[in-house]
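J.: Chain order of the listed sequences is A and B. Heads up, the first sequence is in my numbering, so the first residue is 644 and it goes up one at a time. Heads up, the second sequence is in my numbering, so the first residue is 644 and it goes up one at a time.
The set of hints was computed from the structure by calculation and includes no laboratory data. Nothing false has been slipped in among the hints.
It does not matter which identical chain is meant; a pair holds if it fits inside one copy or across any two.
PhoX-like cross-link-like pairs, simulated, lysine-lysine; straight-line CA separation at most 20 Å:
#1 1295 x 1113
#2 1295 x 1276
#3 1112 x 1022
#4 1276 x 1298
Source: prediction; values computed, not measured.
Number of protein chains: 2
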Amino acid sequence: MKDTMTNQLDRIFHAQSVAVIGASRDDKKRGFQAIRTLLDEEFEGDIYPINPNEDMVLGIKCFRSILDVEKPVDCALITTPAKTVLPLLDECGRKGVAGVVIIAGGFGELGDRGRKIEQEIVDTAKRYNMRIIGPNTSGMISVVNRMNLVGIRNVPKGNIALLSQSGNIALNLITEAQLRSRQGYSYYVGVGNEADLKFHEYLNYFANDKNTKAIVMYVEGLREGRKFLQEAYKTTRHKPIILLKSGRSSTGMKSAGSHTGALAGISEVSRTAFRRAGIITIESADELFPAAETLACLPPIRNKRVAILADGGGHATIASDLLTDLGIEIPALEDSTVRKLREILPPNASLRNPVDVAGGTDSNPRIFADCARILLEDKRVGGLLIVGLFGGYGIRFSESLTFMEEDAAHQMGKFIDKYNKPIVLHSLYNYAKPHSLELLRYYNITVYESLDVACKCIGVLSQYGAYLKKYQQRSSFILNWKSKANVKCQKIISGAIQEGRASLPEHEAREILRQHGAPVPEDYLARTGEEAVALARRIRGEVVMKIVSPDILHKSDAGGVRLRLKTDDDVREAFNGIMESAKKYNPKAVLEGCLVTPMVDRGVEIIIGTKIDDQFGPVIMFGLGGILVEVVKDVAFRVLPISRKAARAMMKEIKSAPILNGVRGEPPVDRNSIADLLLVVSEIVESYPEIQEMDLNPVIAFEHSIAVVDARIILKKKANGKNAHNGK
Amino acid sequence: MKDTMTNQLDRIFHAQSVAVIGASRDDKKRGFQAIRTLLDEEFEGDIYPINPNEDMVLGIKCFRSILDVEKPVDCALITTPAKTVLPLLDECGRKGVAGVVIIAGGFGELGDRGRKIEQEIVDTAKRYNMRIIGPNTSGMISVVNRMNLVGIRNVPKGNIALLSQSGNIALNLITEAQLRSRQGYSYYVGVGNEADLKFHEYLNYFANDKNTKAIVMYVEGLREGRKFLQEAYKTTRHKPIILLKSGRSSTGMKSAGSHTGALAGISEVSRTAFRRAGIITIESADELFPAAETLACLPPIRNKRVAILADGGGHATIASDLLTDLGIEIPALEDSTVRKLREILPPNASLRNPVDVAGGTDSNPRIFADCARILLEDKRVGGLLIVGLFGGYGIRFSESLTFMEEDAAHQMGKFIDKYNKPIVLHSLYNYAKPHSLELLRYYNITVYESLDVACKCIGVLSQYGAYLKKYQQRSSFILNWKSKANVKCQKIISGAIQEGRASLPEHEAREILRQHGAPVPEDYLARTGEEAVALARRIRGEVVMKIVSPDILHKSDAGGVRLRLKTDDDVREAFNGIMESAKKYNPKAVLEGCLVTPMVDRGVEIIIGTKIDDQFGPVIMFGLGGILVEVVKDVAFRVLPISRKAARAMMKEIKSAPILNGVRGEPPVDRNSIADLLLVVSEIVESYPEIQEMDLNPVIAFEHSIAVVDARIILKKKANGKNAHNGK
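Put together the whole structure using the sequences plus the hints.
T.: Written out as C-alpha cells, the structure is:
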C-alpha cells in the first residue's frame, strides 16, 4: 500500500503526460528547449505545449491553457517568469495535475516579499493536493521515464538518484558519469527553494524506488534538518546516501551567553548527526560521483580490512597512507596466502600487504587476476584495491599483453559476485580508455585515474559496511515530546513562564535534575544568615553557599559564591558577604537568598550542555571542565535523543578522553554514572519542550560516583505550544 | 664561478656524449630501449653502445668496453644487473666519465649486505671524482638536452624540474603534463637509493639552473634532512619547491623515556620544517602537478586576498569554503569595483565577492574579460579565481559564443603581465578541450576541471607569496656547533662522559641553564639532614627537596620529592624520608643527597624539550604542562636553531595558546621571558653537541617572570666527536 505522497510522486516521476507551460518556438527559450529535449529523448507519454499565442510548437498542437487539454495531465513544467506563476498554478490545480516544476527564480531567495509570494504558491498547491518542485530550480529529470525537463542531454541511465541545490553541480555530476563511468542516474531533481517538496520527501520516495540503488546529494542548507535525519536513517539501512555539504565558511558560530551556546558550531553538529544517520559525507567535489558510483556498484566492506595490490612502490606507499587516514586496516595476510603468492610472483616481489608484483606481471598481466583471487580468498581481506598500471601493459609493452589484460579483467569481474567483496582499481592509463578497464566497469569494478579518489572509494565502502554492521544498535532521531514529563517539574517550568522568567534559578534546575534521577547533592534555600546556619548544620562537613537571584546569571562575577565553609560563623559571615557583594554588583537585582549545599571534593570536572540547533533542533554537548572546553574547545556533540551507546561514544570521542580513564595514577572515573546523566539530560530536554538550553557546569566525577555541582536552565523566549513542540 | 659539483652535474645534465652499458638488440631490454629513445628524441650528442658481445646496436657501432671509446664520455647508463656494476663503474672512472646512472636494484634496499656493495660503489666513484644517480632508479631525463635515459616517451619540455623516489609517480606526473597542460619538464631524476647524489644536491643544481622555474618532488624519506632544509631554504627564495611526502602511516612514533621523546612525531616535525624552508607541501597526489604548474606559470599572490568570479551558485559556494580553509580571504570589493560591475551585469547578478554573473554572460562571454579586468584593478584583490562554465558557452548555446570566449581568453591572458596578478580557471568543460581554454594556457593561465584542484592552486600561489613577503625575517637551518659553549658547562658535560654517565643530574642541568642565562632558582646539594637544614635557611620562604641520584630518573615515582617545607623539622624529616623512600625504590641506587630549592608559586606550567630527530637533527618542543601535553598532545615543534620570531610563533601555534594570554581573569604570562628561554635552550643544544635530549618540565610562568623548576639533560650514547658534530 503506497501512501498519498508516494502516489503523487509516482505520478510526477512516472508521468504519462507532461504540459510545458510557456511553450515557445524561440530556440533560446526554455519553453522550446524543454519540448525539444522531450522529443529527442523519446519521452513516451503525451506532451502538451501550453501558450495562448502559439498554435503549434515543434510540430505538436499547442493549447491556450492547460484547462483546454482533454486528457489528464500528470506533470506540468512552468517556464514563465515569477509574476505569471500563481494563476497558471491555479489552472494546473483545477486540471488535477499531480506535480508542477517551477523554473523561475524571484521567490523566497529574494527576501521577505519573495517569501510571501512563495507561500501563496504553496497554499495554492495544497488546496489542490498538488506538489511543487522548486521554484528557482534547473528542473527535474526522470531518466527511467525518459522525461527530461532540464535540457542537459544524454543523461546516462543508471541506479543513482541525484538531488542538488545547484544546477552547476548537477551538470558536473552528470558530465562525470557521461565521461568516466558506465553507471548513471535514475532521477535528477534540482530541489530549488524547496517551497513545497523538500529533501526528506524526495529521499523517502527514492528510498522505496526500485530503480535507485544509491542517492547522491549536494546540499547547501537544510530546511527540515531533523526530518531529513529521520528519513536518512530509515533509508541508509537499505541504500547508501552520499552527500556533499557546502556553506561551511559563511556559517559563523552563534554567540550565546552560555558555554554550550558559544561552542556548538553547526558543522560539528551536522557531521556527527549525518554519521549517525548512516550518511556518507564527502568533503571534496571530486569524490562525490565516484563515491556514489562505487556504492551503487559494489558490495560494502564489512571488516575495515583491505589488501593493496601494486606494481611498483610509490602508489602502494601513498595508498597505504590514505587508507590508514580513512581508518582502514591493511592487515598481514594469512600464511597460506603468502605461500600461494610466492609461487606466482618473482623473488623480488613484496608478499606482505601491500603486495607489490615488482614487474612480475610485465610479461603476463593475467597474474593480476591470480593475485586478486588469492587475496580475496584470504579471510582477513574484506576488499581489494589495485593500484598502478593495470590497463597499460598493452600500451607500454606489446599488443598481446592487451588481450591478457582483458582476460584478467573478465576473471576479476566475476570475483565480485563469487566472493562478495569489492575491487576498486586505480589506473594511470585510464585516460587512454583501454578495453580492459571498460570490461572491469562492465563487471561493476570501479576504475579511477586518481589514486586519492580510488582510496576514498574503498573508504566509503568500508564506512558504509561498518555502519550496516552496527545498525541495529543505533537510536533514531525521533523526539517523544513530553513522554516522560513529571508533574512537579512541569509545574516549576510553567510557574517560571507565567512569571515571565527567562531562566530557572539554580535550585529549580537542580530539582528538575533530581526528579529525573540525576545525582544532585542536597541543597537548601536560606533567606537569612540564621536560616543558613541552621541549614548548614543539616549537611555533614563543609558547605558551599551561592547567591540565588533571577537577575544574576554569573554568580562568581557577582562575588556570589563562597566555598569550604566549616563553622557557624563562617556560614553567617558568608551569607552577609554574599548578599552585600551581590547588592553592589547589581543594586536592582532581586536577591532571594543563598543556596546552601555540601562542598563536593575535588575530582574530574565535566561539562554537559544542551541547546537548540537551528537546523537539527535539540543537541547535547559533552566535555571536560575548565580549559579543555573553554580554551581547547575539546567537546563532543550529538543530536538528541541519545542512546547509551552514543553517550559512551561521546566520552571516547573527545581528545581529553584519557583523563576519564585516569592519568598520573588517578583511578578511572565512573563512566556509567556519566552515561546515566547524559541520558537523564536527554530525557529532560525531551520532556519539557519549553527548555532552550541546559548547562551542567561543573559535574564532578569520582571513581564510584558523580555529582552535579551547578546547573542552569534557560527557557525559550516564546515557550508557546507551537515553537516548543517542533523544537526549533 | 661554478663549483666542482655544479660543473660535474653540468656535464651530466648537458652531456655531449652518452655511453649505454649493456646495449642490446633485444627490444625488451633496457639496453635497447635506452638507445632507441635517445635516437627517437634526437639526442644531439654522441651515443656509444657498450657490449662485448655485439658489434652494432640500432645501426650504431658498439664497443666492447667504455675504455675502447676514443672521444671523451660525459655520462654513462649502466643497464646490467647489480652484480656486474662494480667493475663497469671502475672502467667508467678510468675513462673520466662525469656521471653514471645505475638502473639495477639489489643494493641498499635489501639490507646490510646490499648496503655494503652500495658503499663500495660510492667509494669507487669518489676515487674518480665521478657522481652516481641511483642505483635502483628508473633513470634520468634531461629534457632540455634531449637526453632521455628512462624510456618514457614524449616528455613535454617546460620549466619544471622533477625529482622522484618512485618511477610510477614520475610517470603519473609526466602523463598529466602530456594530457592536461602546456607546461612541462626541464629535467627528471629518479633519485633511487641516493647512494651518492642526494635530494639536496639535485636541488642545489636546479636552484641555479636557468631552464628551471619550479621544482616538484615526490619523497618517501630523506637521508640528509637538515642539508635538504638548508638547500631548500636557499632555493625557495627564488624558485618554488612543491613536495609530496608519503610514508606517514608506516612511521610510528619513537617510544622514549622522556615526554619530549614520546611526543615528537616525525611528520609533525617535517611539516613545520618544510614550511619554514618555504617548501609547498602537498597532501594529495592529484594536486601535485597542478600546484607545480601554477607556480611555474603565474605570479604569486602577495596579500592572501582573492576574488571569485562565477556563473551560478554551487561552484562559488564550494570555492568560498575551500579558499577559506586554505587561509585565503575573500574580501569585500571596493565601491568603485561594485559600481563598474553593476554597469555590465544583470540586476540579479551578485556583485559582492564571490561575483556571480547569474547568466549575464550567456549571450556574451566577453563580459568575463570585463569582469576580470574590473576585479584585477581592485587594489584589495591579489588574484582571481574564475569558476564554472567558461569554455562551455559555445558548446552549450551556439558557435558564435565560442569566438567571443576566445576573444575573452586573449584579453584575460594579457591581464597577467599587465596587473602582475594571477588568474586560475576552473571549467566544467575542460574535458571537451575547447580552444578558448588552450588560449588561456598559452597565456600561462592555468585551467582545471576539478574545483578542488583549482582552489588548491590559488592556495599555493597565496602560500608562496606570503612566504616571499616574510622571507627576510626567517632564520636559516645552520647550526654553529660549539659557537657559544661555556668552559664551565663543557667541563660538567665532559666530566659526565668520562664517568660514563648517560644523563646529567638535575643540579648540573640547572647549572648549565643558569650559565646560559636561564631563570633557574637557586639550588643547593645537601648530603645530610643537618646540611639540608642549613641550606634551607639560606632560602627565604618555603623550600622543595628532591633526591639527587644518577640512578633515579623519575624522582616522584621514587618518593624523592617533598614540597612546601617550612620549618627546620620539616626539612630534616623530609631529608630522611626522601633518602629512605629512594633506598626502598632502588636499593642499588647511589644516593648523592637532596637538592634544596625555593618553593615556586603556582602559575602557568610550561614544558620545553629537545631531541634529535632521525632526519632533521636537533628539534625543540613547546607545550603547556600537565594534561595539555600528556593527554591532548597539544605541542609545537621547530627544527633548531630557532629565531625569536619562531619562538613567538610556537607560543601562538598551540591550541591552548589563550592560556598564555590569561583565562578566567588571570593576567597574561611573561611571553618575552618564555621566548628568551626557548632561545637559551636552542643555544645550549647548539653549544654542546653531546646533548641528546633536554627536558624542562615544568617551567612556571608568571605575569612578570618565569622559573625553571625541573630540568634534565640526557647525553648521546656515544658522544664522540663525529656523532656529536653532525647532530644525528
